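Peer 1: Residue numbers (the working numbering), protein chains in the order written: chain A, 1 to 347; chain B, 1 to 347.
The set of hints was computed from the structure by calculation and includes no laboratory data.
Since the structure is predicted, the reported quantities are computational estimates derived from the model, not experimental observations.
Backbone N, C-alpha and C fix where the C-beta goes; we use that ideal spot for every residue, glycine too.
Please note: incorrect hints may appear among the correct ones.
To be verified - No farther apart than 16 Å at their CA atoms in a straight line, the calculated lysine to aspartate or glutamate pairs in the EDC-like style are these:
#1 K15(A) - E120(B)
#2 K199(B) - D80(B)
#3 K15(A) - D123(B)
#4 K15(B) - D123(A)
#5 K15(B) - E118(A)
#6 K304(B) - E229(B)
#7 K15(A) - D122(B)
#8 K333(B) - E229(B)
#9 K304(B) - D122(A)
#10 K15(B) - D117(A)
#11 K301(B) - E321(B)
#12 K15(B) - E212(A)
#13 K133(A) - E198(A)
#14 K15(A) - E260(B)
#15 K133(B) - E212(B)
#16 K211(B) - E316(B)
#17 K15(A) - D117(B)
Claimed, not checked - These stretches of chain A come out as covered by chain B in the derived footprint (C-beta under 8 Å, 3 or more residues):
#18 15-21
#19 316-326
2 protein chains.
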Amino acid sequence: LLLPERRGCYNPDVKVAEIGEFGLIHLLSDMVSRSPLVAGAVREELLVGIGDDATAWQWPAGKQLATVDTMVQDVHFTLDTISWEELGWKALAVSLSDIAAMGGQARYALISLSLPDETEVDDVSRLYQGMLKLAGAFRVALAGGDTCRSPLVTITVSVIGEAGDGHLLLRSGAEPTDLVAVTGYLGSAAAGLAMLQEKLALDVELSGYLKESFRLPCPRLTEGRRLVEFGIKTAIDISDGLIVDLRHIAEMSRVGARIEADRLPIEPRVRDYFGKRALELALTGGEDYELLFTASASRIKGLKQAISIPITVIGEIIPGEAGLVSVINGQGKPLRVTGIGWEHFSR
Amino acid sequence: LLLPERRGCYNPDVKVAEIGEFGLIHLLSDMVSRSPLVAGAVREELLVGIGDDATAWQWPAGKQLATVDTMVQDVHFTLDTISWEELGWKALAVSLSDIAAMGGQARYALISLSLPDETEVDDVSRLYQGMLKLAGAFRVALAGGDTCRSPLVTITVSVIGEAGDGHLLLRSGAEPTDLVAVTGYLGSAAAGLAMLQEKLALDVELSGYLKESFRLPCPRLTEGRRLVEFGIKTAIDISDGLIVDLRHIAEMSRVGARIEADRLPIEPRVRDYFGKRALELALTGGEDYELLFTASASRIKGLKQAISIPITVIGEIIPGEAGLVSVINGQGKPLRVTGIGWEHFSR
């Protein structure tokens, strides 16, 4: 990763594709933190700025959270692999998942919708129906937004949430004695996308499960708050892929991490159908929107008894090179992983 | 304007271009307000939902505001009429202006940036420099965001603000005894765009003024708060054009409005150069981001003495057909206005 040492260090010809999404975020975050006027305002009450799942600040009545995510047609989705209603659900779910990964409660969503002129009104209506279903389930109010014309469907969802007086789940709290754990199953969303793109012929039941995993992710808001209650401090949601997202934790916490491939929770039918490929989907697939977290064995044990979805320990935090994530097999031998997951501008 | 009587009343073939931006907002707002689960959550503390300049809710420590605006390349801007730095300023200004139009103070901004792979890193850096300049001037923190790949540059700025215990400036408070007034000059931004698009050869000073009006709008945050202090209750920012935006006030307040063309504050050099066209620019041009407000003569008189930029009374609120805005000349004769201003999906 090419990190900017200082502002203006780029050759005018360097394109964003060359430094990648994370390089760009680093550059912008650096610019913002060096800006004296803004830094002054920020220091007063900003708790978490650019670089975690959501922004957080201290308000007299408690902690507040805000996050934004954009989905662009033909980049994040294609209209032949998802319906408008599912797209609405998913666009909101992605932002709610960021609030979940901070241990917060989501309250308000603002929707910015860019649409081609020829979009059918009924499709927009269905998009909102999908959003409203998910919003209703978590008591989130669709409270405002913006609509405009664009050649491509683009949906930006901003969510404002709260975390009361509790602590926040950050990316930076992992310690070398922690275990690494996840909620739910890994790789199901990526398997669903593979099925749709490759037109795989699966039985109705598995096909239904995979479509739902890919199109209707469930933001782990309830689980995120449980993590806080059990004293867990470190979490991220799996959007880009297990390895990339664990690397974010490892970088921010200045530690390494080791995953045991055999322990990854892969849905049995996915493992049966996809065979060896299932491991790759689970390691690098992304879009599962499960919570990836680190904590002591005893805290995880307590959490498991209090939560209704599977919690699986998949590895451990280790001292060593910050940000280094390795994967080992059942014999403790390192696995070579091809591709690490999703990053914009540099696929 | 074709307003939906109820959900699902659209023929499947109706396109968003046929109902227009405001028809679409009506439809979505209607869907949201009918959604029982969300409506329950909303009623607790939501003060202003879809349909005003910003969303507002009651928080234990005071009122909070949130707004979002998107700028799409080749729809809202072209890269040959604005520099990257100016684009950053303007994208943030547009959202700050919404907070100003509610009488609030802006606190946090989240930036979602969609960029083509070949975008130069230095250009993105300049975009942020422009944002940081404006953010610094109003002590707004650029606190988070999202970056992704897209064929078109798209910038979505969400701003979270506060309004303490004061009242909010709404679109719905205009009364038949009110006068209509604006801050600053009208039509300068549209004149600037016309100059750039039509490659008009103007002297350096006027050209500089017009470019700045179009590219570097100043959000009237200070003035918005002054309006609140002087007991003014009704305002909107002029983004789409004077007539369209006054119509929003008239519709929401269930009143009519009459503008006197001769009273419009047009910058003298713009009037000299553009002649008769200056009136059209002032009435329908948009993007001035001045505040348009209604209040009694005495409140406006008080405000004028307390504010450093020009405040001009341009007309009055009248009883009669809700949403009807007319323009009269110096002899009291109605003027026919061609075009009303900017609306997405139905130009």
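Peer 1: If a hint holds in the structure, say so; if it doesn't, say that too.
Peer 2: A quick look at each hint next to the structure:
no., hint, verdict
1, K15(A) - E120(B), "4 Å, holds"
2, K199(B) - D80(B), "12 Å, holds"
3, K15(A) - D123(B), "9 Å, holds"
4, K15(B) - D123(A), "9 Å, holds"
5, K15(B) - E118(A), "5 Å, holds"
6, K304(B) - E229(B), "12 Å, holds"
7, K15(A) - D122(B), "8 Å, holds"
8, K333(B) - E229(B), "36 Å, violated"
9, K304(B) - D122(A), "48 Å, violated"
10, K15(B) - D117(A), "7 Å, holds"
11, K301(B) - E321(B), "28 Å, violated"
12, K15(B) - E212(A), "28 Å, violated"
13, K133(A) - E198(A), "29 Å, violated"
14, K15(A) - E260(B), "52 Å, violated"
15, K133(B) - E212(B), "15 Å, holds"
16, K211(B) - E316(B), "31 Å, violated"
17, K15(A) - D117(B), "7 Å, holds"
18, 15-21, "holds (count 6)"
19, 316-326, "violated (count 0)"
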